[in-house]
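So you can see what is in the structure, the chains are spelled out below.
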Amino acid sequence: MTLGRVLIANRGEIAIRIARACRESAIESVAVYSEADRDSAHVRAADLAVAIGAAAPAQSYLSIPTIVAAARSSGCDAVHPGYGFLSENAAFARACTDAGLIFVGPPAEVIEHMGSKVAARELMMQAGVPVVPGVTPADQTDHGILTAAEQVGFPVLVKASAGGGGKGMRVVRDAASAAGLVGAARREAAAAFADGTLYVERLIDRPRHVEIQVFGDSHGHVVQLFERECSIQRRHQKVIEESPSTALTPRLRNAMGEAAVAAARAARYVNAGTIEFLVEGAGDSARFYFLEMNTRLQVEHPVTEAVTGVDLVRAQFTVASGAELPWTQSDLTQRGHAIECRVYAEDPANGFLPQAGPLLLYREPRTPGVRIDSGVVEGGSVPVNYDPLLAKVTALAESRPAAIARMAAALRAFPILGIRTNLPFLIRVLEHPDFGAAHLHTGFIDEHAEALLTPREPPPEAVAAAALSVPPVRSAYSDSSSSPAGADPWATIKAWGR
Amino acid sequence: MRTVILRDDQRERRVSIDDNGRVSVDDVPIPAIDLSPGVVRVGDGPGRLAWVAAAGDVRWVHLDGEVYEFEVERAGARRRKGAAHGSLSAPMPGTVVRVDVAPGATVRRGDTLVILEAMKMELPIRATSDGVVKALHCRPGDLVQPGVPLVDVE
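Heads up: the protein sequence lines correspond to chains A and B, in order. Take the first sequence: its position 194, counted from the start at 1, is 194 in the working numbering, and no numbers get skipped. In short: position in the second sequence from 1, add 498, done, that's the working numbering.
Keep in mind that the hints were calculated from the coordinates and are not lab data. Among the clues, some could well be false.
[Said to hold, decoys possible] Now the stretches of chain B that chain A is said to cover, found in silico as 3 or more residues with beta-carbon under 8 Å:
1. 544–552
2. 557–569
[What the hints assert, rightly or not] Here's a subset of chain A near chain B, in silico, CB distances under 7 Å, partners left out:
3. G418
4. I427
5. P458
6. P460
7. E461
8. V463
9. A466
10. V470
[Unchecked claim] Cβ pair distances, simulated, as ranges:
11. L533/B with Q329/A: 32 to 40 Å
12. A119/A with L641/B: 48 to 56 Å
13. R371/A with P601/B: 50 to 58 Å
14. R606/B with G380/A: 41 to 49 Å
15. T604/B with T141/A: 25 to 33 Å
16. D524/B with D47/A: 52 to 60 Å
17. D195/A with G602/B: 31 to 39 Å
18. D284/A with P535/B: 53 to 61 Å
19. P529/B with P155/A: 51 to 59 Å
20. G602/B with A119/A: 47 to 55 Å
21. S534/B with D47/A: 49 to 57 Å
No residue lacks a Cβ here, since even glycine has one placed at the ideal position from N, Cα and C.
Build the full structure now, drawing on both the sequences and the hints.
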């Protein structure tokens, strides 16, 4: 069957990306929005829009009954979950299917199986895919976690058994610091996934994060669309991704691609998915370990689209409708070098603290070979309730150095003012000698923190530009204040004695 | 001729703008021309652009991929010195998850006093100096706004 109308159970840039793919596929799209998103860009990107509740995610984007009801009442025959929110929630996939809706993603039981770190590991070991040593202790007390950590061997990573995205994850280097860190991990896990169960695994030294995009259809075909390297991370969340990875020799690339296909076949995988690996060492002797499978479209999918030239979201609709994959393995090649930068509203100099507030000025660059996926507009604002991703910038060029130069030039021409962002930080990473030399590992940002995070003295040109915007004194108090209603009394002081 | 005083968290700069729009920063002439709202051409070469936005007395500038924030000094306005003496406030809206201290407690610089949760992450609020907790202004479960004092330390 062909899809007629799809509900997009997400917000921000990914909802807009999906709405565009719908339009190209002649499928009608329905956006959903919380109270905080009434004026957001994704609401206007779709053909129809349905209000789904309060700003708090639990009462809107995470509410399964509300979203299923919205899909039914708006006459949808399918639901695309995007990434995050309910995208890896098996109960949601099941609720969609039970309501007669096609879930654009893998079957619920596959999400369930791969969502359990324990079950996924066992399946991978059976399929001959190497895994990182680790355990989910039956005894989940602090003592039990500590005992498990000692068995696995310090340093260890303690993380939520139920989820990903870096939430509820802590590095524990020794027994002395374990208690506090384990408590924090458990609370975050419980808050984010309603399940405080913790998993303990060995920390791989200076690993590179390399993942393989896979795609299966309901006719038993599985292909892999090569790798993305995502080693540049802060708080265990990716900020820069690229393909090809400089860590892979042709031999390693083949081995990892084959392992990923074997993994997807073992999982009976259908639709777009990603097998994440950690790579340790270099050259043909480098080793790779299965980390986890993301049973959804990735944030960084544009990197793969850039180097392979395919449209992954359109292919998701094709496969969801029951048709065969639009490509065979031999149709797929990597061409050129693509890099993606995630532009976040956050303060890198202050622990990458998420920021919320107004976008007083927001102008996207228009340069050749650069794609921008964004979910915000100038004059809009970034709400506190959601992930603070503003935009993804993807640059494609004939070589890695050319892609880096293209990306840095694009970011220099991307002013975002009114809220702190990681844009200056991204440029510093791109231009760091070790990034240019591809000396990448997941601790890159911590290792180079000083060079990447130290504030710079404003040049006099910046001071001059700021001064020109200050009107002569007589009208100085008439410019409208766009700052969020602050509690700081000094911020609200206007003219004295007038 | 008018004078504008701009401050960042390090120091002040005195900018003079003469009647022909020529700009000097700390008495050094700097070429700068308003092109359109929010866009200023700076320097001698062509095409070097600064973008500027205003929010009350705050000025944001994007130049060459760096972003700078300044505050415009107002004649008569009192100099702002961080928050009130030793009071620690929420950096962003969030929910108080845990309060680790009670009034009267002795704390050391770097001690975690309160844990907030915002955007699904835990944010520890730490003491910025050694001292004694004078007052607590929050309880677990409270929704707090940025700038609102959570704990006073003296």
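Here is how each hint holds up against the structure:
{"no.": "1", "hint": "544–552", "verdict": "holds (count 6)"}
{"no.": "2", "hint": "557–569", "verdict": "holds (count 11)"}
{"no.": "3", "hint": "G418", "verdict": "5 Å, holds"}
{"no.": "4", "hint": "I427", "verdict": "4 Å, holds"}
{"no.": "5", "hint": "P458", "verdict": "4 Å, holds"}
{"no.": "6", "hint": "P460", "verdict": "4 Å, holds"}
{"no.": "7", "hint": "E461", "verdict": "4 Å, holds"}
{"no.": "8", "hint": "V463", "verdict": "5 Å, holds"}
{"no.": "9", "hint": "A466", "verdict": "4 Å, holds"}
{"no.": "10", "hint": "V470", "verdict": "5 Å, holds"}
{"no.": "11", "hint": "L533/B with Q329/A: 32 to 40 Å", "verdict": "52 Å, violated"}
{"no.": "12", "hint": "A119/A with L641/B: 48 to 56 Å", "verdict": "38 Å, violated"}
{"no.": "13", "hint": "R371/A with P601/B: 50 to 58 Å", "verdict": "55 Å, holds"}
{"no.": "14", "hint": "R606/B with G380/A: 41 to 49 Å", "verdict": "42 Å, holds"}
{"no.": "15", "hint": "T604/B with T141/A: 25 to 33 Å", "verdict": "31 Å, holds"}
{"no.": "16", "hint": "D524/B with D47/A: 52 to 60 Å", "verdict": "56 Å, holds"}
{"no.": "17", "hint": "D195/A with G602/B: 31 to 39 Å", "verdict": "38 Å, holds"}
{"no.": "18", "hint": "D284/A with P535/B: 53 to 61 Å", "verdict": "57 Å, holds"}
{"no.": "19", "hint": "P529/B with P155/A: 51 to 59 Å", "verdict": "54 Å, holds"}
{"no.": "20", "hint": "G602/B with A119/A: 47 to 55 Å", "verdict": "51 Å, holds"}
{"no.": "21", "hint": "S534/B with D47/A: 49 to 57 Å", "verdict": "35 Å, violated"}
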